[in-house]
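Asker: Just so you know, the sequences run in chain order V and Z.
The numbers in this note's numbering rise by one with no breaks, and the one at position 401 of the first sequence is 401.
Converting from the second sequence to this note's numbering requires adding 1000 to each position, the first position being numbered 1.
Just so you know, these hints were derived from the structure itself, not from any lab.
All values derive from a computational prediction rather than experimental measurement.
Just so it is clear, CB atoms sit at the ideal spot from N, CA and C, and this is done for glycine as well.
Some hints could be false.
To be clear about the criterion: a stretch of chain Z counts as covered by chain V if any three or more of its residues have a C-beta under 8 Å from a C-beta of chain V, and this derived list gives those stretches [to be verified]:
(1) 1003-1015
(2) 1096-1109
(3) 1173-1182
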Amino acid sequence: MVPSSTARQTGVAPAPVDSASGPEAVDTGSLLAGYELGAAYDEMFDGELQARGHYQQLAHLLDRTPPEEFRRRKAMTDLSMRQDGVGFTVYRAEEGIERVWPMDPVPRIIPADEWQQIEAGLVQRITALNMFLWDIYHEQHILRDRVVPPQLVLQGSSFRREFVGVDVPRKIYIHICGTDLIRAADGEYLVLEDNGRTPSGVSYMLHNRQVLKRVFPSLFNDYDVLPNDDYPAALLDVLKYIAPESAAAPTAVLLSPGMYNSAYFEHSFLAQRMGIELVEGRDLLVDANRVFMRTTRGLRRVDVIYRRIDDDFLDPLTFRPDSVLGVPGLVNAYRAGNVALANSIGTGIADDKGIYPFVPAMIRYYLKQDPLLNNVETFRPEVPAHLQHVLANLDTLVVKRVNESGGYGMLVGPASTAEQRDDFRRAIRANPRDFIAQPTIQLSTHPTFVDGRLEGRHLDLRPFVLCGERVVVTPGGLTRVALPKGSLVVNSSQGGGSKDTWILANTGRT
Amino acid sequence: MLSRVADALFWTGRYLERSACLARSVDVTFSLDLDLHGVLSNPVELEWNALISMLRQPPPPPGDGEHPVAAVQRWLLVDLGNPGSVMACVNRARNNARSIRGSISPQMWRELNKLHWRLSDGSFQAAVAQSPHDFCEETQVGVLLCHGVCDATMSHDEGWHFIQLGTYLERADKVLRILDSKFGLLERGDAADLPVCNLQWGAVLRQCRAYEAYQRLYISRVEPERVVEFLLVNPDFPNSVRFCLERVLDSLTEISGRLPGRSDSDAMRTLGGLVSELTYLDSEELDGERLHGLLGDSLGRCGRVGQLLQQQYSLQ
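Use the sequences and the hints to build the structure in full.
Answerer: So, in structure tokens, the structure goes:
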């Protein structure tokens, strides 16, 4: 049935078809048979269902791989994830607290030239964001020049007025950034979100590669894939770089909320790969503005903290007094320059969804350059003209709450009910500043193994940027894929999976 | 190292060992139970109740028509309502390891995690109703794998020594309890009971994985006095109390960073005293009464060492 049209449909040579007929014949059909394109940009195929240049070998290999074989590899992937305990914890779900994050074995491939553009755009963006943070916590030029509306910053819930005038080590606020990129229908990469607080996901990027190499090595045969394994070492370089100068051999630690945090796997993974201690708030104490950890041989001084705890919970004396995760006195130790924090305190204002529309203007303001990566068009209901547009087009827009993340508190217009739209309409009218709205972008699709064959599923890309002595963008990133058909929400907490992400070397091969 | 990490390593070792010891006891009792059917009228309650009281665990809550032996096996192996069951111990070991998974090797974490998932499997657990053997065997092999991987992949540094502390302290405690529960048998020299007695002492050896090692050393029938001597003071066998406590003493010495025999900590004094008593014990003198006293005293001192460790390293 299907095999005869395979060649035309997928633009690759048809799989050799067994002469046997009957039910077995279906099993020998191609994984890609009947692959459908939607309105979105497809990473592997062009509009004529021809594999794009850098995907040709992979499409060919998939076409030759029997579905049963692929199913077996996928099961090996799942088992491996489970045995390694590569899980996350789900909030607001009743199905138990440990879940494995599924990895799809079909890799996402980005050619060298595309990656170079992405890389340059990310470097430009983090540079501007760090200049913005230094500025708003010091002279506030950008506010005085009205490039960014002052009240958006000064009244933003993640602006830390306690930190105005504080000099952070090496003038860096965001040391680790995970920027979410999506592709529009024409294939252009757009920035959806900057995550400059405590971005997660890098461990999955690293782990996915290790698993894929183990369970599906033949995929790598035709490609020169840049390794991503250097990330932990590069992160450690950053942590050492920001250590107080008084520390000759600085001690860095990773501060985690503990094993019930959704990203605990990542915390332990990174701590182990860097060889530093993973500490919890109760392991640390502050004495005379210096930070120590409790060890079996007494107290030991701590110089740098890679903290994976939000500002709000960091220090009950300064922020939320009910926090049991933090360390009393830590903020004062930081202000005194006796300990360094990555990321710094107060970075949340830079990735605030209300500030996001102004990042291109920041780039022009501080760097006198045009942005290399564009934002998604964004409406701010706070602006009266925008408010009209947003309220009139709720069924086509995506509406986000400024202070929520993780895919919570969102309205995806085309998938919403009238009742949900009414709720949002009321909420937007009441507090227009709490929302932004964007056109529903059909995130690009990619062949993904579902129910025994490959189907297009939407995905995004989160590359990881490190900012220390220089800015380093690890080749690759976390590709998150929305597994339910048609879904545009890729978050792990909302039924997403992930893929290995390949950046090709500039060697001429493929 | 962090005190919290040391604590979790200690308990990882301890709970792993506890689950393996319990699985072995259940397996051996199950097998002994089948043997005793031929020689005793009602061996079932005797043996299983003895096991429960040896473990100082509460008996299973009265079930709804479940065969009493099956109920005990399920209670001891898979019931999470019993905090001392094999499954509960493996879960605790895993939770401790998980809270510090950056401080153990990834390979060790993986083996422990695999063990957890294998034992958690619903149909695997259900098969316990037919025979507990597979579940017990899987547990023991899994724990042995964890030990092997731990030794082969981790630096034998402070953290590793905390795992050894937990492992060997727990093992010594369990061997002492097994002997203590059987000392009454020494009193009875009745020839008519001989086959039963042999089965019983054979089971004691098997519970300590010592049957073949014992045979190899003594080349004789299972004789109670020799079994006690072997399990208590043999210097070479890894499940003898003396061997275990010597390992504990070694690890304590390494952790303290002092020369052997030079520490002034209470834990080392308590332990050192016990080890030298066992080392120079005249086993000829061990009649039932004295043995009982010695075992009780040793158990008490092992418990004391555990408490002193918590104080000294501020383990929670």
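Asker: With a C-beta cutoff of 8 Å, work out whether three or more residues of the region 1173-1182 of chain Z approach chain V closely enough for the coverage to hold.
Answerer: violated (count 0)
Asker: Verify this for me: three or more residues of the region 1096-1109 of chain Z with a beta carbon less than 8 Å from a beta carbon of chain V.
Answerer: holds (count 8)
Asker: Given as covered by chain V, does the region 1003-1015 of chain Z meet the bar of three residues or more with CB within less than 8 Å?
Answerer: Satisfied; 4 residues make the cut.
Violation of the numbered hints given earlier is confined to hint 3; every other hint is satisfied by the structure.
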